[in-house]
Amino acid sequence: MGLLSRLLDKLDASNRRNLSLSRKGGSLESKQTGSSGGMSTTELLIRLELVMGQGSGLPLMDYANEMARLSHPLQLFIFSQAAELSDLSYGHANEFLAVASTALVQMEQKQYERWLLGIKQTLGAGDLAIATEQIENYIDFTTERDTNTAYLNDLTYTLEKLVFSIHKSELPFVEAEISVDNALMSYTDNEALYLPASISHFDNYADNHRLYKVLTFQLLGQIHCQSAQALGSLNEGVRHHGDDYLQVFSTIETLRIDQYIKREFPGLWRDTVLLNKSAETGYPENIFDDADITSVQATLHLTASLLESTDVLPHLIYQSTFQLDLMAHVQKLTVERKAPLILNPTTDVYEEMLETSGDPKTADRGYLRSLKNSKGDSVLKSPPPGWIPDSSGDVEDEQHTTKHHEKGVFYYKEWDTSLKKYRKDWCRLKETVNEDAVETIEIDNSEALRHAEHRIRKTFDQLVNDQKFIRGQSDGDEIDIDAWVSARSSKSKDADDYQNLYIRNNTNNRDVAIMFAVDLSGSTAGWKNSMIKQSTWLLCKTLARMGDQYAVYGFSGSGRSNCRVYPVKTFGESYTKSVKSRIFSMKPDQYTRMGAAIRHLSMLLGKTTAKTRILFVLTDGRPDDVDSYRGQYGVEDTRLALNEAKALSLKPFVLTFDKEGMDYLPYMLGSNRYQLITDISQLPIQISTIYKQLTT
Amino acid sequence: MTSENIIENSKYYIKDEPYYLPTANEVEIFNTALAENIPVLLKGPTGCGKTRFMEYMSWYTKRPLITVSCHDDLTTADLVGRYLIQNDSTIWQDGPLTTAVRNGCICYLDEIVEARKDTTVVIHPLCDDRRILPIEKLGQLLQAPPEFCLTMSYNPGYQSAVKDLKPSTRQRFISIDFSYPSADVEAKIVNQEAGLELAVCERLVKLAGMTRNLVGNGLDEGASTRLLVHAAKLINRGFEPKMACRCGIADVLTDDPETVALLHEMIETLF
Ligand SMILES: Nc1ncnc2c1ncn2[C@@H]1O[C@H](COP(=O)(O)OP(=O)(O)O)[C@@H](O)[C@H]1O
Ligand SMILES: [Mg+2]
Numbered sequence: 001m002g003l004l005s006r007l008l009d010k011l012d013a014s015n016r017r018n019l020s021l022s023r024k025g026g027s028l029e030s031k032q033t034g035s036s037g038g039m040s041t042t043e044l045l046i047r048l049e050l051v052m053g054q055g056s057g058l059p060l061m062d063y064a065n066e067m068a069r070l071s072h073p074l075q076l077f078i079f080s081q082a083a084e085l086s087d088l089s090y091g092h093a094n095e096f097l098a099v100a101s102t103a104l105v106q107m108e109q110k111q112y113e114r115w116l117l118g119i120k121q122t123l124g125a126g127d128l129a130i131a132t133e134q135i136e137n138y139i140d141f142t143t144e145r146d147t148n149t150a151y152l153n154d155l156t157y158t159l160e161k162l163v164f165s166i167h168k169s170e171l172p173f174v175e176a177e178i179s180v181d182n183a184l185m186s187y188t189d190n191e192a193l194y195l196p197a198s199i200s201h202f203d204n205y206a207d208n209h210r211l212y213k214v215l216t217f218q219l220l221g222q223i224h225c226q227s228a229q230a231l232g233s234l235n236e237g238v239r240h241h242g243d244d245y246l247q248v249f250s251t252i253e254t255l256r257i258d259q260y261i262k263r264e265f266p267g268l269w270r271d272t273v274l275l276n277k278s279a280e281t282g283y284p285e286n287i288f289d290d291a292d293i294t295s296v297q298a299t300l301h302l303t304a305s306l307l308e309s310t311d312v313l314p315h316l317i318y319q320s321t322f323q324l325d326l327m328a329h330v331q332k333l334t335v336e337r338k339a340p341l342i343l344n345p346t347t348d349v350y351e352e353m354l355e356t357s358g359d360p361k362t363a364d365r366g367y368l369r370s371l372k373n374s375k376g377d378s379v380l381k382s383p384p385p386g387w388i389p390d391s392s393g394d395v396e397d398e399q400h401t402t403k404h405h406e407k408g409v410f411y412y413k414e415w416d417t418s419l420k421k422y423r424k425d426w427c428r429l430k431e432t433v434n435e436d437a438v439e440t441i442e443i444d445n446s447e448a449l450r451h452a453e454h455r456i457r458k459t460f461d462q463l464v465n466d467q468k469f470i471r472g473q474s475d476g477d478e479i480d481i482d483a484w485v486s487a488r489s490s491k492s493k494d495a496d497d498y499q500n501l502y503i504r505n506n507t508n509n510r511d512v513a514i515m516f517a518v519d520l521s522g523s524t525a526g527w528k529n530s531m532i533k534q535s536t537w538l539l540c541k542t543l544a545r546m547g548d549q550y551a552v553y554g555f556s557g558s559g560r561s562n563c564r565v566y567p568v569k570t571f572g573e574s575y576t577k578s579v580k581s582r583i584f585s586m587k588p589d590q591y592t593r594m595g596a597a598i599r600h601l602s603m604l605l606g607k608t609t610a611k612t613r614i615l616f617v618l619t620d621g622r623p624d625d626v627d628s629y630r631g632q633y634g635v636e637d638t639r640l641a642l643n644e645a646k647a648l649s650l651k652p653f654v655l656t657f658d659k660e661g662m663d664y665l666p667y668m669l670g671s672n673r674y675q676l677i678t679d680i681s682q683l684p685i686q687i688s689t690i691y692k693q694l695t696t
Numbered sequence: 001m002t003s004e005n006i007i008e009n010s011k012y013y014i015k016d017e018p019y020y021l022p023t024a025n026e027v028e029i030f031n032t033a034l035a036e037n038i039p040v041l042l043k044g045p046t047g048c049g050k051t052r053f054m055e056y057m058s059w060y061t062k063r064p065l066i067t068v069s070c071h072d073d074l075t076t077a078d079l080v081g082r083y084l085i086q087n088d089s090t091i092w093q094d095g096p097l098t099t100a101v102r103n104g105c106i107c108y109l110d111e112i113v114e115a116r117k118d119t120t121v122v123i124h125p126l127c128d129d130r131r132i133l134p135i136e137k138l139g140q141l142l143q144a145p146p147e148f149c150l151t152m153s154y155n156p157g158y159q160s161a162v163k164d165l166k167p168s169t170r171q172r173f174i175s176i177d178f179s180y181p182s183a184d185v186e187a188k189i190v191n192q193e194a195g196l197e198l199a200v201c202e203r204l205v206k207l208a209g210m211t212r213n214l215v216g217n218g219l220d221e222g223a224s225t226r227l228l229v230h231a232a233k234l235i236n237r238g239f240e241p242k243m244a245c246r247c248g249i250a251d252v253l254t255d256d257p258e259t260v261a262l263l264h265e266m267i268e269t270l271f
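Top to bottom, those sequences are chains G and A.
For the first sequence, the working numbering gives the first residue as 1, with consecutive numbering after it.
For the second sequence, the working numbering gives the first residue as 1, with consecutive numbering after it.
Don't read these hints as lab results, they were simulated from the structure.
Note that the structure is predicted; figures quoted are calculated from it, not measured.
Where hints are given, some of them may not hold.
What follows is a list of derived Cβ distance ranges for each label pair [what the hints assert, rightly or not]:
1. Val-260(A) / Arg-450(G): 53 to 59 Å
2. Ile-29(A) / Thr-147(G): 58 to 64 Å
3. Asp-220(A) / Pro-666(G): 31 to 37 Å
4. His-264(A) / Thr-147(G): 51 to 57 Å
5. Val-260(A) / Ala-279(G): 51 to 57 Å
6. Asp-88(A) / Arg-450(G): 51 to 57 Å
7. Asp-220(A) / Tyr-157(G): 15 to 21 Å
For each residue, glycine too, the CB sits at the ideal point set by N, CA and C.
Extracted from the complex, chain A is given alone in its bound form (with noise of 0.2 Å):
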């Protein structure tokens, strides 16, 4: 059980420096978390920088990162692991938590509040100071190693006000906040993933701005940084700006006649 439960590290690095763009004291945040053994919290909307984030603190810190994308189905077995059948006998099989506490890694639990509310149930051991992972399957306790580091990111803006992390979960965590970039930065964002000019990039953060003023009124969420870098791509490959961002921007975030026409008028204003 032990030779080949070692990860073969290698698959988890990152080799090449991820570009990421620091918007605020987030990465001195984050190594200092890591220092002192404390999990982290990552909050705000989809799209605007917390996966890329965690890629680049992966390698600044080059400690390989496991990444677990939650969904409402996501079970306790599915992060500790479980017991398989083979050929007449069973093997145990880690799951992606069990691996991360084995070898040290940054575990990366994306959309947190996705997940069923029963799997936190085995985070909190991991996040007091005992940072142990009870596998009840195996009658073991686990004891993660100085360089294991847990990290939970979930975006606070969605209604699912029911699904929010208990009080007792949160408390244990560093909290960094992920709103959208101010507008230079993210210009010079865009513009460096798309290789887009930057005027053009400044017109596609404004209208981000625009589509973000109208949260709560016709839109559930504003155009993330992600969606720009898409509609700026599309323009470096000779789209019409116009149709870019109508096909990478306004249709994608609604499907409501109403507001896409709204959106297209947006467009329509700056480019």
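Next up, chain G with everything else stripped away, as it sits in the complex (with noise of 0.2 Å):
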């Protein structure tokens, strides 16, 4: 009860008044959306209620007014971040949404994410007038920003690529959770490495970067040296000496790792070099010689002997902090990698993750829950890798955080034309594969398909015919016998007659790549679909006698998290009994969310080799999605999408049953690169008509 329920009945009814007045004549478009594909005021004022709440006060409406004029993720930004500040400090909520609108789309996303985690911060310590002065002074976000900062949002995408290109699998960059004495924290639990958000130790960027990166590296060097089998020494030492031993052990650990980075990674090394120089750390040389580095075992003695005489140690700047509960979360994971569960019922530990599920993987998670649970204070603070929460598109700052290496999912940009910007990752796409037999198969056992057929046939057959040999050409298979005789009786006897005397042949000459991107949105749900089945069918037929490579991709999906694209017919397959059922297997899934299926379908075009590669799009209508892709917001996103096919040097055409299709399509895609679909029964003839025109 309570908010939900309240907000749900508030929804209603603000359809119901607008499904009145779209009955009444006006266009449903403009009154249900903001001009840049966001929400209408009416439902941008009740959320805005249900955050600030009913009958504050304050001029809401005037903030739902403004923010209609943004896109639908930044307006979920702002609502997201309201709630944050709110719980912090209800008058600073306030403050933030007077100003949200008008300051976000003067900043970019790195500088409007910092201008509020600044305020987050300086509530969080306290000082509520620097916050009001920090909100109302967004300008200075907009021009300079704190150039000597590094944030770990900027290096992720870097930083976990370079991490990849050694480590061969995915290790996610996720916060450190923050100290009490603001210390820097690093850790590791071998499946993501766990940074500080933001670095400010140095008075100069470089050096802050530089931290990061070697930061990582430590991270890094952990897993790869085997850091966490110190665990059972270093539980022993903590019990006998306190944190003091952790405390030696990680400067020492952190010293033998600098070995192995000075061995495995030379630049890497410089940058620590000089990181300690910045930080004017007297770097004991000889604790290590190489030889005695191998196992943390040589820690471990060190730090027993050192214990009593720790001002020998320094303490650096980029030593992480080791955490006994991670690193036993570490042992976990290696007993596990290291004996196939049913021969080790040795652990008991195992044991108590065997009795939660019998399954390793989900054990492994309900590990961390649970581990979640009982510590209070958590340092998992964010979700286990793979995780994925169930309100998936609602959340504006949701990471992905495991996004590059799932199979089938691909990620891609968008354009958000109210900020003018791309969202970089922002759509996550999954091909799936339908390989539900059909029971089934409708064909039209019409004249008129029959027809259909006929025609399609002899379109194509002339495209073949059509040049097989050129004559007169400068170099061929054959001589131009007739082409030789007209050179010697021309009296000029002018050279330029005997250079082109040969006939090309031509036959396997059409290099030609088609993709067929269908629309599979709900709309297209009856006749339309059954007939592009039918189409689909009848093209794919001829299309195989003709040798030109083809594909044939459905696409759909609700929301940018759950893009979908369903193979019917890749390029390396051929016509099949299977394809021929995965045609007839195409149904009216949900939304359409052009943009990232173009990209995607685009991608696949690009990567063949043929000349003339044309994406074609049936469609029935704009494109449209579950948050707020459609507009102004979903035109734009798909005009940019298409723009891209066409730096790809592609050729992109789009096929539509939507009659008002000639009020976006001119200017989505220019001219002659779109046609309406007049007469559904001429849909296959229509098709292979295009089809001649754009491959010769």
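Each of the two chains sits in its own frame; use the hints to bring them together as a complex.
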């Protein structure tokens, strides 16, 4: 009860209102969404009331009006931020809302993220007046920023891939907890690297950036040098000597890993040396000689012997915070990897895990969760890798931590027209092969269809026979006797006449690849779907004869994290029974997020080597998706996606059922790149005619 | 037609031993294939030593080598031969494949998937037991001598799925896998080819390994041995290693600014 049901009631009511408006002849589109495809003022107001409370006396309607200009993702971002701020200070949340819409459009994403991070940190520290100043002076963030601070967010992309190139599997970067005394925290559980959100330790960017790199490689070094093996002794040591033991261990282990880095990554070692210089740390050169660094035992030995004389040890700025509980987790992972679970009933920890679930993977996750619960302020503040929030698509700052290597999953950018910027890795697209066998293959046995098949054949045969021999070429397989005779009899005896005496055989010179992108949105249900299927089938059948490369993919989805593409026939496949069955099992799905689909299919088409590459989109309407991918926003993103396709030297063409398509297609594609399906029964013929035009 | 078609063999012989460091048992396999008259397929990414291997085998077996770099306009006539007009009469000119068959050479078709599909038609009868090259325009069936050997290379990494070889072609061959050599072998190769000190070569190989891990993740292909040799040569000529790696490796691999930046970071960690 409470908030949620209230919200739903209101949304319902507002929908009804909109509906009645549209019946009276108003355009549904303009009332329901903002100009940039975001939420309407009504919906915004309701959400604002939800965050700030009803009857607060605040000018929420003004805020809503302002926000209506923004795109859906930006609107969501404002809501989530306002909610977070209001937890810290209600007044500041209001101050934020008052400037948010104006501020955000003037800032880069990085800038406003920084702006808000700063505000929250100030509020957290209790400096209310300063926070107000920060909010009001957002303009400072649009121009120059704190140029000395390095931010994890900015570096994650590069560092993650860098680590991947060494480690060969993904280690996501996660913000580390903030420690009580504001010390730099960095640690790893061998599954992710935890690093501070920002580093401003040095008064110059280069060193702060360098520190990030060195911290990263230290953590990587811990994994490769198996620091976690020390766990047993560490526990012992801490029990006897307290946290000092861990401190000493940490320094010495860092020195050991330094040796590894010195050996394996000389460039990074140079960075480390520079850091120590900047931090004015006296580096103990001769603690390890290369011989005895092979195992963490060496570190433990030294720790024991140096425990009394800690003053010889420096505090290294980049030494990481060893976390015993995380190291325990690592050990369990190692046990799990080393021994198949049935053969290893000895470790009791492991049995514990088995009890939660039979499957080692879920057992493992269960373990993570219990660790999280048992410890009040868990270090595993962020979700374990692979964890995807249920409310995906609803949270603006949702991070795809393990995005790069999930099989069959791709990430694509999207153009936010209100920001005039791309949102990186915004859409999560999954390729799903539909292997459901179809019960019935419904093929109209009509005269019209047979006629259509005949017409397509004819069009295509013409295409094939059209240019079999090209006479009068400078080079070719055969001699062009006619050209030779005429050259001989030519009075002028012009040497040029003897240049072009050959015939080129062009049978196989057609070098065409075509990608059929078929819109499978819900709106194609019924006759459209059955017509699309039959047309696709006819075309595939005939295209197979031509030797052109072709592929068929359906696309649909709902929401940006749930874009779907259904391979019906890939380029590598030949036309077989199962392709046919897949054609006829294409069924209406959900929405049309066209941009992501076009980007994905362009990428696939771009990989073919044909000279002429056509991206053929068959659709029944304008771009449309749940999270406000519609209106201007959807059209703009699709337009950009099609432009990107052109930049890959692909030829896009859109064939649509939408009579209103002429309103936006010329803008999206430029002239001669679209057509309206006038008579559905002519669809296959229409396609083959267009095909001929495009390929010759 | 006869005498002028016999090649001046010396032109195709490789006189000096090319430097080739075997990475597995490829030399033995190739020799066996030669002895048994089975054509050979070399599979592997670009720049991993296929061409060099062929040169080496040509020298080793003392048979002339004819290399054809295939491209997408390569026709059957380009391989087999054609009539040319000269002073009011026509003369026949052998293509490289015909030359190779007539003279019992090793014929190496480099990047065969690039060639037009119909070219593989003439390859078929050469590959099966008959070992015949039909020359349609001359009305001849040329019997290949036992010394003749057909070798083709292709890069399975390239996503030209459609252009992949047909099973009927593939199944006539013995295949030798040319993936990147192991790290120490590769370092030795670079060391030998460029004359650069081994320790630096090892780092170059490590860099290559890192780029190869990024395939499908921003890169279509990792750095090849050839690129390492290039970078090594630059270093040897006095260029700063980081600069040499950027020019010789990173900037060659991709134009995407983000990936280039990433590759530069990699170089920074190693040099
Ligand atoms: N096993 C090897 N032995 C010697 N040199 C090699 C070897 N593998 C690669 N190379 C070096 O790599 C370069 C490129 O090899 P190449 O044979 O041209 O590649 P490919 O034909 O596979 O594209 C050669 O010039 C040589 O310097
Ligand atoms: Mg080569």
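Cross-check of the supplied hints:
{"no.": "1", "hint": "Val-260(A) / Arg-450(G): 53 to 59 Å", "verdict": "56 Å, holds"}
{"no.": "2", "hint": "Ile-29(A) / Thr-147(G): 58 to 64 Å", "verdict": "60 Å, holds"}
{"no.": "3", "hint": "Asp-220(A) / Pro-666(G): 31 to 37 Å", "verdict": "35 Å, holds"}
{"no.": "4", "hint": "His-264(A) / Thr-147(G): 51 to 57 Å", "verdict": "21 Å, violated"}
{"no.": "5", "hint": "Val-260(A) / Ala-279(G): 51 to 57 Å", "verdict": "31 Å, violated"}
{"no.": "6", "hint": "Asp-88(A) / Arg-450(G): 51 to 57 Å", "verdict": "56 Å, holds"}
{"no.": "7", "hint": "Asp-220(A) / Tyr-157(G): 15 to 21 Å", "verdict": "19 Å, holds"}
The structure fails hints 4, 5 (numbered hints given earlier, in ascending order).
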